[in-house]
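Top to bottom, those sequences are chains L and U. The numbering of the first sequence is this note's numbering, which starts it at 1 and goes up by one. The numbering of the second sequence is this note's numbering, which starts it at 600 and goes up by one.
Bear in mind the hints are in silico, worked out from the structure with no lab data behind them. These numbers come from a predicted model, not from an experiment. The beta-carbon is built from N, C-alpha and C at its ideal position, and this holds for glycine as well. Any given hint could turn out to be false.
Now the stretches of chain L that chain U is said to cover, found in silico as 3 or more residues with beta-carbon under 8 Å [what the hints assert, rightly or not]:
1) 30-36
2) 112-119
3) 128-134
4) 487-499
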Amino acid sequence: MRLRQTLRIARWEVTKGASSLDRRTALALVVSLLVLGAVAPMVASQGATPNDGLYRVGVTQDSQYYGPVREERSLRAVDPTAGTRVCRDVELLVDGPRVTYCDTEKGRAALAALRSAVRAYNDQLMAKEPDQAAAFPVRVSLEYVEQAGPSAQVGGSSDAATGGSASSTAGSGGNASGTGDGAGGDGGSGTAADGAQASGASGPLPATGGLFGSEGQTGSPAAITPPFPLQSLLLAFAFLLPLNVVTQAYGSSVIDERIDRRGELLLVSPASTGDVVAGKTLPYLLGTLLVVAGVAAVMGGGPVTVLAIAPVAVLFLATSFVAGMFARSFKELTFVTVTGSVLIMTYAFVPAIFTNVHPIAAISPLSLVVKDLTGAPIGAGEFAVATLPMTLAAGVLFALGTGVYREEDMFAQRSPPAKAVDALAAHLRRPRDAALWSALFIPFVLVAELLAIALLFVLPVAVSLPLLLAVVAVVEELAKSLHVYAGFARGRFDTRLRPALLVGAFSGVGFFVGEKLGLVVQLVGLPNLELGRAAFSTSTASTPVVAATLLLAPLALHVVTASISAYGARLSRRHYLAALLVAAGVHFAYNLTVVTTLV
Amino acid sequence: MLAILIQLFVAAFSSFLVVGLVTMYSPGAAAGAVTIDVGVTGNASPSLAPVVDDGPRHAVRFDDRQAAMQAFRRGQVDAVLDATRYPDGHVFVRATAPDGEFRTTIVVVQLKQALTSYERLERQQLSTRLTHKPIHVPGDVPSSTYFGFTYAVLVPMLAFLPVFISGSIAADSLTEEIDRGTLELLRTTPLSLPEILDGKALTMVALAPAQTGLWLALLSLNGVTVARPLLILVVVAALGTVVVAAAAFVALAVGERRDAQLLYSFGVLALFAAATLLPENPANAVAKLAVGSATTGTWALVAASVGLAVVAYASVREVVGRMTPAG
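One chain only, chain L, in its complex shape:
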C-alpha cells in the first residue's frame, strides 16, 4: 500500500463529494439543521412527554386531589357531572376522599399514576412547612460500598473454559435471573455519582440539601434516585446515531462506484485495490472520528472515550463498505446498512446489560466509556478486551469487501449471498486458510450468541436453555463451514473426499484455537473476573486426565462437526445444508450432555 496513492484518492473523494453538493441543497441542509437546532432546546425544556393526558380523572376543582392531578402530565382532569361513569367516561372518579377506579389494566395504571402524583404533591406541600423536622421526619444518606459477595454462585459450576461458546452461555442464561454478582464492578462508583447528580438536579426537594450538606445522596427518601442501570443504552444512542449520517454517505459513495462502471477508472489505475479502498475510506474515517470526538467533548469524555469508540466507528464504516459492495440497489443498501448498524448497537450495549451478571460485559466498549466519563481507572488489558474484537471484526469485513472490489463482482448484478460467497472465496487459497477464517469469525459468533441470550433470557429456563444450545450449535457450525462451502463452490478447494475432510479439520482446529485465544485474552486482560477464576478452578481441581479430556473434547467436537459439514459442502448446496444440520445436531447433543452433566 502506497501512502501517496492513498492520499490522492482520498483527496479525489473529498473534492467529488464537495462538488456534487450544490448550493441549493447545501442551503436546504443548513436550514433544516438550523430548525433542528432551534427546536431541540424547546423540546428538551418542555420534556418529551408522549404520555400526556393518557388517563382521564373525574375530579372537581375543590377536591384535594385536583392539585396532584393538575401536576401530573399523564392525568387529565375532567369535570365530573352526574352522568359521568367510571370506565366509560373516565378511568378514575374522585368523590370526596374516595377514589373509584375502573378495574382494567388502564384503570389500575391510572391509579398508580395518581398515587405517585399524590406523593410528589405531598412532598411539595411538606417542603413549605415551618417545622421541617416533622415534615420530613426521615433523612437518608445513601452510600455505596463494595461487597465481597457470594462469588462462588456465578458461572463457576458450568464449563466456563469454552469462553463465549456453548456451556458458558448456557450457564449465564440459567443464572442471570438469580444471584448475579461479580467483583468486576464496572462503573459501579460511577452510577452512584450519577444518581447523586440526578437527585440533586431533579429531585422534588431541592431545599433538603441544606440540612446535611449537599454532597452524596442525602435527603428525604423521595429524593433517592436509583442508579440508572442502562446508561450504556443512552451512550450507544448518543455516539452511534450521529455516526449513521457519515456511514450513509460512505455507503452511497461505495455503491456509486459500481453504477455505470464508474469505478473502472480507479480499478485500471496503477493504484492497488488496497490503496483505492483505503483512499476512499480515509475521509470518512476522519469524519467519523470528528463526530465521535465531538460527541465525547459534549459528554465530557476524554481521549480514552474517543479511542474506545473508534473501533465501533470503524466497524460501522466496514459494515457500510460491505453493504455498498454487496447491494444491488440503493434500497438494498439501506436495508443492509440498517441491519448492520442495529447489530453493532446490539453488540455495543447488550453485553453492557450483563455487567455483574456475566463477565462478558467487559467486551462492550461502552463500559470503557462509562468508566472514562466517571474518571475510573482503566487497565490496558480491559481496554484490549473491549476494543480488540471490534477492530478484528472491522478488519475482517474490510478484507471481505476488498475481496470483491474487482471488475467481475463490482459491476455484476448478483445477489448479495452470491457476492458473499465470492468475497469469502477470494481469501481462500490453501486448506489452512479455512482455519484462519474460522478463527476470524469468532467475534461474529460471540455477537450472535449474546443476542440469542438477550432475546431468550425472558423465557423460562426449561425452554430457553435447549433453545439457546440449539442456536449456539447452529451459529458455531455456520461459522466453521460458510467459508468452507464458499471455497468448494468457487473451486478453491479440492472436492475429493480426503482433501475435503482435511479442509474441514483445519476449519475445526482454527475455530478451537480462536476460541481459546479469545479466552487467553480475557484471562490476561481481566484476571479479576469470575470467568477467569472458574476456568482456572475447573482445570486445577480435577486430575490431569480429566483436565485433558475437558480441553480435548471441544477440539474433537469442532473437528468432527466441521468435517461433517465440509463433507456435504464439497458436493452441492443442498448437501451442504443437510450436512450442516447434521453437524449442528451433533454439536447440540454434545452441548446438552456437557451442560446436563456439569451443571
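Dock chain U against chain L, hints included.
Chain U alone, transformed into the frame defined by chain L:
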C-alpha cells in the same frame, strides 16, 4: 419483507430492553420477586424494622453498626440501614447499598420503598406539628408497569418508524432511477412525471399503514388491545403521504442519493421535532387513540394530518409536473 423483518427485530429488541429496564425499577413486577435482606441497626430500628419487613424484604436486626457492616461485607445482607433518632423527633438513616450496576438498582429501589413508607408513618406520628395535613395516598392495586410504556412509547414508535422508512425508500427508488438514467427512459413513454411519481409514491404510501396494521395485529395477539386502530392507520397513512411527497420532491430536486438522503433525514427530523411543539403532537395523539382517551385536540390532529397530506401531495405533484429532474 426485509423491512418488516428488520423492524420486527428492532422492536423486539427495544421492548426486551425496556421490559428489563422497567423490571429493574419495580422488581415486584419480575416473576418470582427478589427478596432482599436488609440489616437494620441504630436506636430507631424498633420502629424501622417492621416497615422493612412489610414488603419483599427481610429485616435482620444488628446490635451495632460494626456488626451490620461486617455482615454486609461478607454478603450476608444486601444492604444496611443505620437509623438514629434525634431529640427533635426526626430520624437520620445512613443507608449502605452494594456497589455494582445491576443489583444495586434493585436494592436501592427496595430501600427507597421501605424508607418512603417509614417516612409516611413517622410523619403521621408527628402530624400535630404540621400546619397542612398531607393528602391521603389512594390504596395500592397491582398494576402493570409496562402499561404506560406500551401505549405511550411502543405504539407511537411502531406507527412512525414505517412512515420514516417509506419516505427513505421513496427517495432511494427515485434517485436510483435518476442515477442509472432509467428515469429518462421512463419519461420517453407516454407517462408524465407526475404519473411516474404517483406510481412510485403510492406504493410507498400504502406500505406504511400496512406495516403499522401488522404491528397492531401482532400487539393485539399479545393481549395489547388498541382502542382505535383504524384512526391510527389513517394518521399513519396521512403522515406517510406527507413524508413520501417530501422525499420524492427532495429526490427529484437533488438527484444524488447521498445528498437526498441526508437532506431527507434531517428534514424529517426537523419536521418531527417541530411537530412535538404543537399543542397536540402526533406521537401523543397516536398514544391517546391507542389507549382510548382521545380529545378534541386528537380529532383535530387527525383531520389536520389528512388535510396536510392532500395539500402536500397535490403541491408536490404540481411542482414536479413543471420541473426537469436533476442529475
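Next on the checklist: For the region 128-134 of chain L, count the residues whose Cβ lies under 8 Å from any Cβ of chain U; is that count three or more?
Outcome noted: holds (count 6)
Checklist entry - Against chain U, does the region 112-119 of chain L show at least 3 residues with beta-carbon separation below 8 Å? => result holds (count 6)
Checklist entry - Taking a Cβ-to-Cβ distance below 8 Å as contact, does the region 487-499 of chain L have at least three residues touching chain U? => result violated (count 0)
Checklist entry - Quick check: the region 30-36 of chain L, covered by chain U? Criterion 3+ residues, Cβ under 8 Å. => result holds (count 4)
Violated hints amount to a single one, hint 4; each of the other numbered hints is respected by the structure.
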